[in-house]
Amino acid sequence: MHRTAQRGLAIVSTIALLVAAAGCGGDDGPGSGGASVPGVTDTEIVVGTHMPLTGPASAGYSKIAPATKAYFDYVNAAGGVHGRKITYKVMDDGYNPANTQQVVRQLVLQDKVFAILNGLGTPTHTGVLDFLKSNRVPDLFVASGSRSWDQPDKYPGTFGFNPDYTVEGKILANYAKANLAGQKVCFLGQDDDFGRDSLAGVEKVLGAGAVAVKQTYVTSNTNVAPQIGAFKAAGCQVVVLATVPGFTALSIGTAARLGFKPQWLVSNVGADHPTLAKQLGAAAALLEGMVGTNYLPMQNDTANPWIQLFTKVNKTHNGDAPFDGNTVYGMSVGYLFVQALLAAGKDLTRENMLEAVQKGGFQGPGLVPLRFSATDHSGYGGQRLSRVSGGVQSYFGPAYETDEADGPVNEYTAAPVAPPANGVPTVS
Amino acid sequence: MDRFVFLTVDGLSRGAVYAAFALALVLIWRAARVVNFAQGAMAVAAAYVAYSVSAATGSYWLGFGVAIVAGLLLGAVVDRVVMRHVDHASPLNPVIVALGLVLLIQAVLGMVYGNEFRPAEAPFGRSALTVGGVAVLSPYDLFVFATIGVVVSGLAWMFARTPVGLRMRAAAFAPEVSRLLGVNVGGMLTLGWALASGVGALAAMLVIPTELGLHPHAMDLVFVSAFTAAVVGGLDSPPGAVVGGLVVGLLLSYVSGYAGSDLTPLAVLVLLLAVLLVRPGGLFAPVAARRV
Amino acid sequence: MSATGAVLPPKNRPAATGDRPVDRRRGSTLLRHLAVVLVVGLLLVAVSYTVEPFRNFQLATVAAYLCATAGLTVLTGLNGQLSLGHGALMATGAYTVALCQNAFADRGMTGGWLLPLSLGAAIVSTVAVGAVVGVAAARLRGPYLAGVTLAVAVVVPALAVTFDGVFNGEQGLSVPVEPPPLALGPYFPYERWQLWVTGAATLLAMLLLANLIRSRYGRTFRAVRDDEVAARLAGIHVARTQVLAFVVSAATAGLGGALLAVLAQSVSPGAFSLTLSLFLLMAVVIGGLGRLTGALWGAVLLVALPDLTHSLTELLTLSPAVAQRLEGNLPLAIFGLTLIVVMIAAPGGVQGLLSRLGRALSARWSARRS
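Chains as they are written, first to last, in our numbering: chain A, 1 to 428; chain B, 1 to 292; chain C, 1 to 370.
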């Protein structure tokens, strides 16, 4: 009797402790904030994101949020947006959807962020779509090429950023059709929507059945020799890769090991040359001739005014971290967000922010236009092809535009814009 | 047929590395009755040391040697500084401490080197030599087989023939009696940890060039495969670890080659169940005497 | 009770219950547990009104994890079987709830009774999986059991990718959950409702578990853990007891996973990786193996520790270069170090430390009174 009573007491005291721990800073009711906008004061805008900073999936991606933050710091140093400084709260979810649930709720419910910006990953971000929708939090420029972000009726507050994987597959296949006609095309994709959507794009252009051998890999099995061996045995001449950087390097390395040298056509997800070269080390020469895609300025193009701007920001506000495609990506996201804030006007609310994004028309570092409209919430609508030559990755040919359905792949010819002189966008 | 030969060779060369890593697990299990979940993280730490040394000196072999020494030292340090102070009354306590070590080591490596892939050099060519049109072993595969052969036979010799090996076995088998006979049981335990960690570091040096590259989590998946291999072979049996490693390597290769790489975890589970339901102590389990 | 009574042959009963005069107290045990559960329930309702929504959500998460850690405590702490696969059992429960709720939503069915029905289905499916694993587990010991359960932990999330037609691969399924009933008012915070739902389910599960532990079954579990041969000599069917412990443990883990899916409104294989299974094991050992209060501490730590380490590192102001290195890594390092230090300083876990503290205090108190 005594022991059970003691145990009961222990439970009760535990709960009481919990209450005490949780009780500090208690705040009640949904309407207590009155008419004020969460995360926005006269001097500050608080925005949050979830990113893999640690864990197996963090390679490369962990550099994106610091770059975005650096660009915001640069803008803040120049006076901010409408007099408000941007605070960027970066939460590590380790690419684990369960952690994403926790950290996004912490950002929205506790830190009261104005918006979630550039949350990274398809499985991670999918899990918080409903939560963000029911709390009416703008969910801007999701960092993934899944088509899930483009559902304006179901998720009116969610907008993509990356070109979707189908668009990318179509553009890569278009290259194969035009320049590698008659060659045997094969496909290796990640065993999820990334690989599936990309393959769908490839088959839309080449025709169903035109892909000779289709293989998949899972990130939990780092041996792709069986798949590459199958390509070799089938005599594939062109291999399209819908792979993350680690598996691009692994596939190319494994193929070399087996004496198999096809033409590689690689999704922009896994085509960043500095990342691949770093991973392959002494074997980086294998990347020679690899065709990839991208939609932002090439990180090594020092003549490009955007790269000059971002390099400057990286030096002054990012501790001069190694500059690669992820840095360009992070800063481009920051630039677009500042543009959207400006377009939303001085009277910033969540509603007019979404309206401003939906109105679209943002001109920035991207090589192709963003597709934002009332009926389209997907990000960039095209890509440009790049090739590695002499150890340098550079663009060739025109940029291409297409849709995720059966539309044709068209050249996009409008000249790219230059950044404003001080590097901070102004109200257009 | 070509494909079968190719998959067999590929599976064996991976299996050899699993075997080495499983052997490291078996060494600690025999010495301390602990499944060392931190083995992978410790081995990666040693591999990072090798990376730094090789980068500074330009010599692969210097880095290789330093990695093994670092592995030995790290094993001894983990035993002396951490494991020695853990209450072994519950067999789970060392396991939890090992998991804590995994988090700590991986986080520290992430701070020092960043969570990026680093290139892992291979000392020999990895292009397969073709025999009759079929790609078979690469020079690197031969190097892996040779190294692991040397390690396995060296350990077998040490445990069977040298005084220190016999003392280690005695200390693990009957610590009280050994202590009475003047064996430094604590020292033998530390030696066991150091040896196991050294073998683990060696396995990491061999496997990382065939994987994605050097990363704080580079050995996570290898650990899972190697643990499976050790369990299949029997945790008390070094030959079991070797056979288990090769079996798991072959299985993974055949299943991804013929069925699809997403089915490999299922195949591993089926293998484990098939082996353990027939022989609950692994393939090479000694005939168990029931202790009362 | 009578439904599971068939597991043990009747002739065993006197042997199992004869060691203590428990039968006379059985009624009062149930009443005592009921009283505790009622008090805690009322307290939770009070708390849900005083803290902000995020804390409500965290408490609800603690409740969901508590189901899993309590189940693991019964298995590992009371029955001595090690499982590295409880994350997979949680995934089974979570996916069952997702499939049920989606089926209901597709047929346009609504009503408050649907969620309990889905949760029940989740428990049933996990019991089935748990029974299969448990039968295999009953033959295995120590690291061999760890090996098999580890393989289970890896297989179950992988199946979600293999059968992506049903489970939608890595992206997972969304779990449609109805909003709080209108009777609670139009502005009733959703997170408070979540705490009520998970809290009620968890308290019910804890009540049943606490009674089970106090019952004849609890004693047979412990007897098998302490000495299998002696237990067998005392007439206990060891394998059956082990399978029963596995099934009970699986049922609560499945409920925990199901509640987690309801909280997150989504399920995906990445959320139920091997890491989760290992974290659950850490939680029960750090909390204090073998007691339900230990499982509670473990569940609290699972939710609070990442949050605390993150806030701790946020206090530091760092240059961008240093911040890039430490961000994410420093909280993990603190987490790992805490595990090691707690395990060395307090091998009995948090609960062991507290009861030692409690005993010391009460000894002092009674010494002063006499």
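These are calculated hints, taken from the structure and not from any lab test. No residue lacks a Cβ here, since even glycine has one placed at the ideal position from N, Cα and C. Treat the hints loosely; a few may be bogus.
[Unchecked claim] Computed spacing ranges between beta-carbons, pair by pair:
#1 C:222 - B:184: 16 to 26 angstroms
#2 A:360 - C:345: 55 to 65 angstroms
#3 C:132 - A:394: 38 to 48 angstroms
#4 B:158 - C:230: 38 to 48 angstroms
#5 C:304 - B:55: 34 to 44 angstroms
[Said to hold, decoys possible] Quick partial rundown of chain B residues pointing at chain C, CB under 10 angstroms, derived from the structure:
#6 29
#7 32
#8 76
#9 96
#10 103
#11 108
#12 109
#13 151
#14 155
#15 158
#16 162
#17 166
#18 170
#19 172
#20 228
Hints the structure fails to honour: 1, 3, 7, 8, 13, 14, 15, 16, 17, 18 and 19
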